[in-house]
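Enquirer: Each chain is listed here by its residues.
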Amino acid sequence: MIDLVFFNERIFDLKAIAETESMLGNSAVILAKNFSSEKELKELKEKIEREKFDFRPCHLITALEPKELNKFKGKALVAVLGGNVTLNKFAVSTKGIDFLLQPCTEGPLSFDTAIAQTAEDNGIPIAFTFRQFLEMEGMKRSFLFRNYSFTVRLIKKFKLDCLIFSGAKFYDQMRSIKDSTSLLVLLGFTREQAERLAEKEFGENK
Amino acid sequence: MKPLKKSLNAIPLSLRDRKRYIVFELIAEKKLNENGVRISLNKLFLQLYGEIGFSKMNLNLIQFNEKNGKGILRCRHSFLEEAKAGLLFSGKVNEIKLIPRILRVTGTVRKAKELIA
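Protein chains in written order, with my numbering: chain B, 2 to 207; chain S, 122 to 238.
Hints listed in this document are in silico derivations from the structure and should not be mistaken for laboratory results. Where hints are given, some of them may not hold.
[Said to hold, decoys possible] What the simulated footprint calls covered on chain B by chain S, stretch by stretch (three residues with Cβ under 8 Å from a Cβ of chain S suffice, anywhere in the stretch; the number is not a length):
id : stretch
1  : 82 to 96
2  : 131 to 138
3  : 170 to 177
4  : 180 to 190
[What the hints assert, rightly or not] Computed from the model, here is a short list of chain S residues facing chain B with C-beta under 8 Å:
id : residue
5  : E216
6  : I220
7  : R222
8  : I223
We treat Cβ as the ideally placed atom computed from N, Cα and C, and that holds for glycine.
Starting from the given sequences, assemble the full structure and let the hints guide the process.
Expert: Here it is, written out as structure tokens:
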């Protein structure tokens with residue numbers, strides 16, 4: 002089972018990530034980061050090669066810049082950090098994007114049938130992170146549940162691929178992906194669907 | 122006059138709740154105490170599912186082993202997914218940060234107790 006963390010060298014250490022993730026039963030980790038240059042990605046790849054654990058670098062697009070995609074395409078996984086309509090549309094309509102991360106926020110709904118249809122046509126998976134739910138509480142969390150429940154309905158209707166990650170920014174936000182499937186069940190998937198989604202092999206090391 | 126019976130009659134098998142026992146582990150740097158875990162879990166579930174949801178789930182922390190950080194949480198069998206998901210939301214007990222992990226779900230308390238020993 003594959004997890005994703007928002008990689009920050011000041012907080013995370015590759016050895017410690019490997020140790021924690023193995024303890025939680027996750028077999029691979031996607032290290033998502035908005036790399037400033039190809040050199041930075043290369044340096045991380047060199048560090049990864051020294052580790053025995055399965056780390057997969059991923060460039061995170063956080064603003065609408067198609068040039069970024071060409072820079073990192075084929076060299077690492079490329080994901081778009083969604084959360085607003087523009088970025089969600091860009092993510093699902095651009096070939097070469099590996100997945101759309103965090104399509105919703107607690108604010109207005111940013112995922113609709115048109116986006117779901119485009120995602121289906123281009124085969125772009127939608128990834129949820131547990132951290133989003135963990136960081137919020139009260140009304141904000143309830144709005145987030147509402148938005149994601151609707152997104153799950155669209156995902157089921159259009160038969161899109163869905164992924165669940167912990168999306169940790171700190172060590173204590175890491176979770177077992179197998180356990181996180183319970184969140185998918187709460188959002189509207191059946192237990193079988195949730196297990197199938199979590200077990201799916203995704204994004205082989207580039 | 123016949124003296125009143127002090128104990129209640131046993132609930133018939135057909136009316137008893139079916140239960141599940143979630144064996145979990147709280148991975149933390151410091152030792153956690155059972156009372157702190159109980160209070161923080163109750164507060165968390167109450168906040169997440171509300172008073173009615175919490176009552177329907179029939180939640181109870183059966184046991185918490187302070188030495189290895191493993192515990193047993195009982196819930197109604199139809200609310201298993203809610204209980205498992207809720208457990209993952211626990212990130213702090215008495216300001217000590219932790220990572221929760223579900224080890225196993227059992228149908229009997231005896232089996233669950235064997236697992237946390």
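Enquirer: Look at each hint and say if it fits the structure.
Expert: Evaluation of the provided hints:
no. : hint       : result
1   : 82 to 96   : violated (count 0)
2   : 131 to 138 : holds (count 4)
3   : 170 to 177 : holds (count 6)
4   : 180 to 190 : holds (count 6)
5   : E216       : 12 Å, violated
6   : I220       : 6 Å, holds
7   : R222       : 6 Å, holds
8   : I223       : 5 Å, holds
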